[in-house]
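Now for the letters of each chain:
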Amino acid sequence: MNVPTAHLLYLSAGLFALGVLGFMVRRNVIVVLMCVELMLNAANLAFLAASRQHALEGKPALQGPVFAIFVITVAAAEAAVGLALIIALYRLKQSAETDAAAEMKG
Amino acid sequence: MELVLLTFLPLLGALAVLCTPRAAEGLQRGIALATTLAVAVLGVKLFLGYDVPGGDGAATPYSFSLPWFQLPWRDGTPTQVHFSLAMDGISLLMVTLTAVLMPIVILSTWGHVEKRVKEFMVWMLVMQTGMLGTFLAVDLVLFYFFWEVSLIPLYFLVGIWGGEQRLYATVKFFLYTLAGSLLMMVAIIAILFDRGTSDLGELIAQLGQTPLEQQLWYFAAFALAFGIKVPLLPFHTWLPDAHTQAPTSGSVVLAGVLLKMGTYGLLRFCIQMLPDAAVAAAPWMMALGAIGILYGALLAWAQTDLKRLIACSSVSHLGYVVLGLFALTPAGLSGGMLQMVNHGISTGLLFLLVGMLYERRHSRALDAFGGVATVMPLFALFWVFTVLSSAGLPGLNGFVGEYLILLGSFQSSPLWSVIGLTGVIFGAVYLLMATRKMLFGACTNPENQRLTDLNAREIVLMLPLVVLAVWLGVRPNDFMGKVEPDLAEVGRRVAVARQSTAALEPVTPLTEGVAAR
Amino acid sequence: MNAQNLLQMFDANALRALAPLIALALGLVLVLFAGVFPLGRAVRATLVVASLAASAVLHGNLLLGGETPGKVLAGTFESSSTTAMWGLVFVASTLFAWLYSVRYYEEDAPFKNEHDVLMLATAIGMMLMAGARDLIVFFIGLELLSIPLYALAAFRRDRARSVEAGLKYFLLGAFAAGFFLYGSALVYATTGSLSLDTLADPAARAALGQPMALVGVALIAASVFFKVSVFPFHLWVPDVYEGAPTPVTALMATGTKAAGFAFLMSALVLLPASTATTVALIAVITMAAGNFGALAQTDVKRMLAYSGIAHAGTLLLGVAGAIHGDPSNGAPVQASLVYMAAYVATAAGAFGLLALLERDGGPTTLESLKGLAQRRPWVASALTLFMLSLGGIPATGGFLGKYLVFSVAVRSELTGFAIVGVLLSVVALGYYLRVIIAMYMQSPEHDANVSAPRPASAATTLASIVCAALVLATGVLPGWLLELT
Amino acid sequence: MSSILFYVLALVALLGAAGVILAKSPMGSVISLLGTFFALSVIYLLAGFQFLAAAQILVYAGAILVLFLFVIMLLNLGAMGSRFELSFAPLQGGRARLAGAIAVAFALVGLIAAQRTTLAATSAPAADAPAIDGLEGLALELFGRYSLPFQAVSVLLLATMVAVIVLAKRQREGEHGGERGGERGGDPR
Amino acid sequence: MPSHESHAWLWWIPLLPLLGSAIAGALHLATLRARHGDPQASAPASLAPWIACGAMLGSFVLSVTGFLELRELEPAARHLASTAHDWISIGGLDVDLGLLLDPLSSVMTLVITGVGFLIHVYASGYMKGDKGYGKFFAYLNLFVFAMLMLVLSSSLLGVFIGWEGVGLCSFLLIGFWYEKGWPAEAAQKAFVMNRVGDACFLIGSFLLIRLFDTLDLATIAHTVGSTVSFTDEQALDMSLAALFLFGGCCGKSAQFPLFTWLPDAMAGPTPVSALIHAATMVTSGIYLVVRLNPLFAASGWVLPLIAIVGALTALIGGSTALVQRDIKKVLAYSTVSQLGYMFLALGSGAWAAALFHVVTHAFFKALLFLGAGSVIHGMHEEQDMHKMGGLRKHMPQTYITFLAGAAALSGLPLLSGFFSKDEILAHAFANGGLYYGLWAVGALTAALTAYYTWRMVALTFFGEERFDHHHVHPHESPLVMTLPLMVLAVLSILGGVLGLPPVLHVPHLLAEWLAPVTDAGNKILAQSPGEHHLSHALEWVLLGLGSAIALGFAHTGFHAHRHGTAQDEFFARKRPTLAATLGDAWTIDSRYARIIVLPLRMLSFLIAVVVDQFAIDGLVNGTGRTARDIAQHSRRAVDGSLASYALWMGAGALAICALWMWS
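Protein chains in written order, with numbering that gives the first Met the number 0: chain A, 0 to 105; chain B, 0 to 516; chain C, 0 to 484; chain D, 0 to 188; chain E, 0 to 662.
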């Protein structure tokens, strides 16, 4: 693949921005959670793009993939906790919308 | 060591009171009275034992110092903060005033503190420690420490035992004072960075050499904190509220000692520590003082609430102190110092008297009275005496201070002196107006006709102050003699500063005696 | 690197550095196992306290025992006297939170063991954050702190507010984690390194000035700002603090914040000097947001949440000072340590007492505090002490911290910001005083509505006394704390 | 050739991401997300990350998305429509416009930052270049330099497990109901 | 100033009355304590007059002793001093508290203690039965103490202590019957107006310190007297010092424009009016000027100013006294007028003449007041002369002695007032220029004086009895009251021998006696150009003119009123505006109220309400309110919605990114 690293980073930025956008506009908690996953994937892509760049320059390049592995692991953990929280919310409110969790304010 | 004992004896008393059961009010009052009496005895003993340091540079007779903690600055060199107390003439006078006033205050509470006696006594005693510490601390950090600590007890005293609007008054007092002192904290931080020491003696020796602009910044921060506490003219509005709402004893301590912390600070830090800035700022400070005198007097004249009237008169009286101190002449400095004590005595007495009246009549409105002298002749006697002392009648305490202040300020700025002089007139106006409305005329109101005259306790508790008022008026040297050398030293520093900043402010020279003498 | 020197990495030094974490991990596992067997409450308590105590002792050993291990495990983790002190702060905050939680929940509430496990896990996370010299380690520490806290915040899952708190905290936390990761990736892309020490090299520092690295650093900062609740990343704080069980709130208010600042102080290398003004500005705005927010509250817990925001702002001013000044100067670190230590004792005590009062019925509002000085004089006086310490009045630990942090700011020529900050702390006193006013100077409007106080548990009493003693001790005799840090 | 594939995949990934936001039902979002994940996985592969590509499929697609699906089913949120429908409702309204502006700004900041940052010129890689994330290298890093986070992750996973149990386990008999009737709605089946 | 051996006994002159005051006060308090239960409790108070009079007598005897001792000395060495060193030695101000008995203070002391003693005796009868009997004597003795301090003090600060002390006692005594209300107001007014003067006094003292670096009176006088020339600045300072000191005198000695308190001060008991507001306190201004005569002599334009003010005051007082109906008011305005005379004398440089008039005035005005008091006493507290008449039959002793006083006041030939007044007029005339006009005013005032004095005599003692016979039974006062009257009558008649005019070729006793004090001032005045001596012929002419005016107007005044009040009523009808203006002392007092007091009062309310409450405190409270408002507004950001929190976070992160990227 003969693509400049910058283009990978552009893609990453786009994914990140979409994740951020989704997080801010969607009301369904599950979808919001998915948007977080999008952001994490964008980060991963950036890590790997950077790693590839460093590899091409002949520098040590393994930190990127390692971080990505950790990110994937943590993403799984977060997803699990997040979904458990959604279940807990749904039990109380019969809803998985963020509006159901807007009782406290001020 | 005496100083440590003096400072922390009240705190010990407070702990003792804390250990008593809540219902044992007699015991609590007793402990508090005994403690303050002990402190008073100690204070008087220190006063009598204080020898004016000789010209050979002998150390001050009383001092105490322990390393307290280290602040981690100055490029790796930590700044050692000391727990150091020391007494020179200036603090001696303030300490003695505090020590003597407190048993009187405690004794006065018999009449008006009925609920939550235990807490009251604890706060009173804690406050005394705070005040004594403030006057005795010769470490900048320690001073600030005591300075703010003494704020809290009054907050409670006003807030719990105060009048109707007590919450408003106490919060206003607290926040207002705090705002000033926090800026002072920033200045203290800066000074410590600049000099690497928090020892007052060293700072006094060193800070005179810092550039004027820097001194002026420090001065501004300190003067704001002290000015609010004093209170100096535009920052005074917390005082009438606090005084009006405070219980009698709180008012007495507030007027008698706490406000003096402000003027003491002005003298100790703004003038002694920052002489060049003091010289540069003197015209402004004198203006504030002089206008404050007039303003406070006019303000007092318009009041209908007795306590508020006295509070406003405090603004006026403390204007004298500031006017005198910032005249920066020997007479002005001494007069300001003396006036601090005088105000403590006179205004303390006034508040005590108003309190006694309030306990009987439950009103402080001037209109509610009239002809009280007929039913309470002894009260009238004390009141008139106090009013005269407050108005600066020669032979009583107020006069010498006022005279020296006006003389001193006349020497450095005739204009402000003359404006301050109007206070002499208006002081008589509002005080006599209040006296006339309250004491004189026919006693027609049936509620007033039932008033009983002062009892023995009330007379006894006021007597020490009365004696002091006369003594200070007749033989001021007995008191000021111990202060003079220190004030003279301050005066010398200021004189040096004046010469170095002569370009800034034209100084009216003291015309020497006529040539032929 | 080959398989042989893999083992060599785990030398005695590394073990000594990790021992406090291992002690906690061990305790965590044991507590978890203890839940399997029908063992009494005492066993669990013993295990929790023992593991925390062991961790504290090990930290203490690092602090006082001469040579510290320094950087271990290929430079990914550092164990210095500073991290040891932070460790003690974390242990203390966890311990206080735990002590206050002992009788907080209903007798028959489920998952008590799990609760304690999660608390211990957060402590490990904090220590990882404080000692991290590599962004990966920090990230794992951050998550190890966060994930258990998400669950703890929602621990009373039968209460909507608790779940709401957990969910909000979680979602925004994940959002912030996304920022962090993306930012790390950008930093990595520009500099080729994730190690803070490598980033301090001149070559890397030059790379850090590149736009992409700056954006990366900004995103990392944003995520840490979220954790320590700095404007405008602070909005979750009041809701989450209010909804979470109060002992958990105490943990969040003290431990999380301390860990965040511990990382900020050790990651200063990422921040170029030019950012100082921005950070100081953010700090001041944060103080304003926190203080003004608190001023409008009547629920004391929520008020304290806002107050926590303000305190974060104050500390951030110290960070700004550290950025602006010479980073090699140790004063800012010491200032933040002292501030945090005092704050932990104060806030833990305050929240703990709120936890105690909640058991008397309902949330603690200014209204419900009225006349407390008559009903519970000791609680009232302790709460007063904590309020004054939060307000930074001398003779309390809060003053010392405030003094040091502002002096860092003044030292770094951020005096203007310091003055604004100082004035904002007058606003702060405005609401702290209202608590005192309610307790001491007002009486309840309907005496009948005031339920009889329930006695405090021994754990609560102990924790409160220790907190109060610490607050006073740091306030009156600050020497020992300054020596330690 | 592979470059063109990258751009196609990039488009797919972006469309998938957009789909997540725009899908009417959560189920649609999951499907879109799956598309993105796959596209990314292939890109990883193209970029020379074999292990990561596998992990992406295994963990994300295989585990996380299944978890999502599971929850959606559990909460009966999937019934809203089996067809994949788009809805632009979330992007309407003032707040959404603001959010859109922020997102665009983020993208721009990312783009500009990447563009203005000088990275060393890429040389064309050999077609059969070994994977950057070779297993041995990864292992040495994970168990060597990063052994601490690696072990910490184990604690993290343990804690996650505990957390999930605490949050999601069915309530026992006699446990207090929630403020809004835990027994009735708290346990949907 | 060479110092002499210490005469510590001098202290007893003021201290005796102080002691008396303390004891009398204690007696009063003793009655207070017992008043509630015991009707006989006022018994201790009846001791008070004995104590007070005893103290006065002792003091008088000591004064006489001092006088005699002084006489033994050479004129130039007539100083007896006793000094307590280092009384105040604070802040560069070193003041010794010292007493100095020299010819000037010895004259004053004799008058104060002598006349004072008589008035004390009188008062013991007059005040009998008052419930504040003891208190009254305590105040009275205290007053004498302060007055003695005033005249005996060797430093200006000591003088000021006495100065304010007499003001205080005056305040206390004017307001003695405070239950009535208006005396309390009058007392307040007196005190405040005196304070205005005192403020001037203080400025004067500051200027003196600036000039001389001391407040020692003798040193100041000596320095001025022996200095050949002053720089311009010093001369200006001297003039200003003199001016401000004179300002102080205006307050104390009731000169225009500060005289309005004195008529009101008649609210006090009559002995007080006699002692304080006629014989002693009000003359302290004259004493001070004489004491510092070199300063005033060297003060240039201030001296004519003093003369003008004096003449003006004399005229205002005299003309106002014409129409008063209250007998005490007549005497009060008469006092104002006579004090004006004294200042006219001082302004003419006639120090001895001024003091001569002080002495004679003390005799006859005290006599008149006491006589008036006797009348009032006999008439059951009636003061309106229109309700008197024909009293000569009822109270013959009072009548006779009153006549003597009236004759002296109106300057009937050969009586004491005649000589002192004519000496003043002669000195004024001798100065020439501007002073001719002042002399004319003085002469006019002399005419007015004769007229109103005899109007008063006629209305009170002659004509039909206009009082209500059912309620008022005029009676002669007891001996304890009439005896002092008689003594004073003799003094009023014979007092003139102290200062016989030079034309008679007998020594002017008082002038000679005072010469050591006044020489310095006279010497300075003598240096100024101008004719200072009158020819004998001119002196005779002036004497004759004076006699003629006095006799003529006394006659007119007496006859116009001897048959009743018709003349007064006619005048009031015919010239209502003039009558009102005169009756109200040229409406100066009401002008004060309108021009000074009212605006100040309004300013005070303006400050209290608008400036203080609204502006300053409004700013303070506004700060608090603003904080609360900000707080309420800031709550809106925390709306509970996850999306908006995220929005804030996103925006924040973006802002930081942008800031740092482009920083």
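No wet-lab data here; the hints were simulated from the structure.
Here the structure is a predicted model, which means the values were calculated and not measured.
There may be inaccurate statements among the hints.
Straight line, CA to CA, 25 Å or less: simulated SDA-like cross-link-like pairs of lysine to any residue [as the list claims (entries may be wrong)]:
{"id": "1", "chain 1": "E", "residue 1": "LYS130", "chain 2": "B", "residue 2": "ILE290"}
{"id": "2", "chain 1": "E", "residue 1": "LYS386", "chain 2": "E", "residue 2": "ILE307"}
{"id": "3", "chain 1": "A", "residue 1": "LYS58", "chain 2": "C", "residue 2": "MET8"}
{"id": "4", "chain 1": "E", "residue 1": "LYS522", "chain 2": "E", "residue 2": "ASP383"}
{"id": "5", "chain 1": "A", "residue 1": "LYS104", "chain 2": "E", "residue 2": "LEU69"}
{"id": "6", "chain 1": "B", "residue 1": "LYS436", "chain 2": "E", "residue 2": "ASP638"}
{"id": "7", "chain 1": "E", "residue 1": "LYS127", "chain 2": "B", "residue 2": "ARG115"}
{"id": "8", "chain 1": "A", "residue 1": "LYS92", "chain 2": "E", "residue 2": "SER643"}
{"id": "9", "chain 1": "E", "residue 1": "LYS522", "chain 2": "E", "residue 2": "LYS127"}
Given hint E/SER643 paired with A/LYS92 - CA-CA distance at most 25 Å: holds (21 Å)
Holds or violated: E/LYS130 to B/ILE290, with C-alpha atoms at most 25 Å apart: violated (44 Å)
Proposed proximity, E/ASP638 with B/LYS436 (alpha carbon, max 25 Å): Violated - the C-alpha atoms of E/ASP638 and B/LYS436 are around 58 Å apart, more than 25 Å.
Pair hint A/LYS58 and C/MET8, alpha-carbon separation not exceeding 25 Å: holds (23 Å)
Agreement of E/LYS127 and B/ARG115 with the hint, judged by alpha carbon distance not exceeding 25 Å: Answer violated: E/LYS127 to B/ARG115 is near 53 Å, above 25 Å.
Hint consistency between A/LYS104 and E/LEU69 [alpha-carbon to alpha-carbon, up to 25 Å]: Distance ~96 Å between A/LYS104 and E/LEU69 Cα, so the pair is violated.
Pair hint E/LYS522 and E/LYS127, alpha-carbon separation not exceeding 25 Å: violated (51 Å)
Pairwise hint evaluation, E/ASP383 against E/LYS522, where the allowed Cα distance is 25 Å at most: violated (49 Å)
Proposed proximity, E/ILE307 with E/LYS386 (alpha carbon, max 25 Å): violated (37 Å)
Violated hints, in rising order: 1, 2, 4, 5, 6, 7, 9; the structure is consistent with all others.
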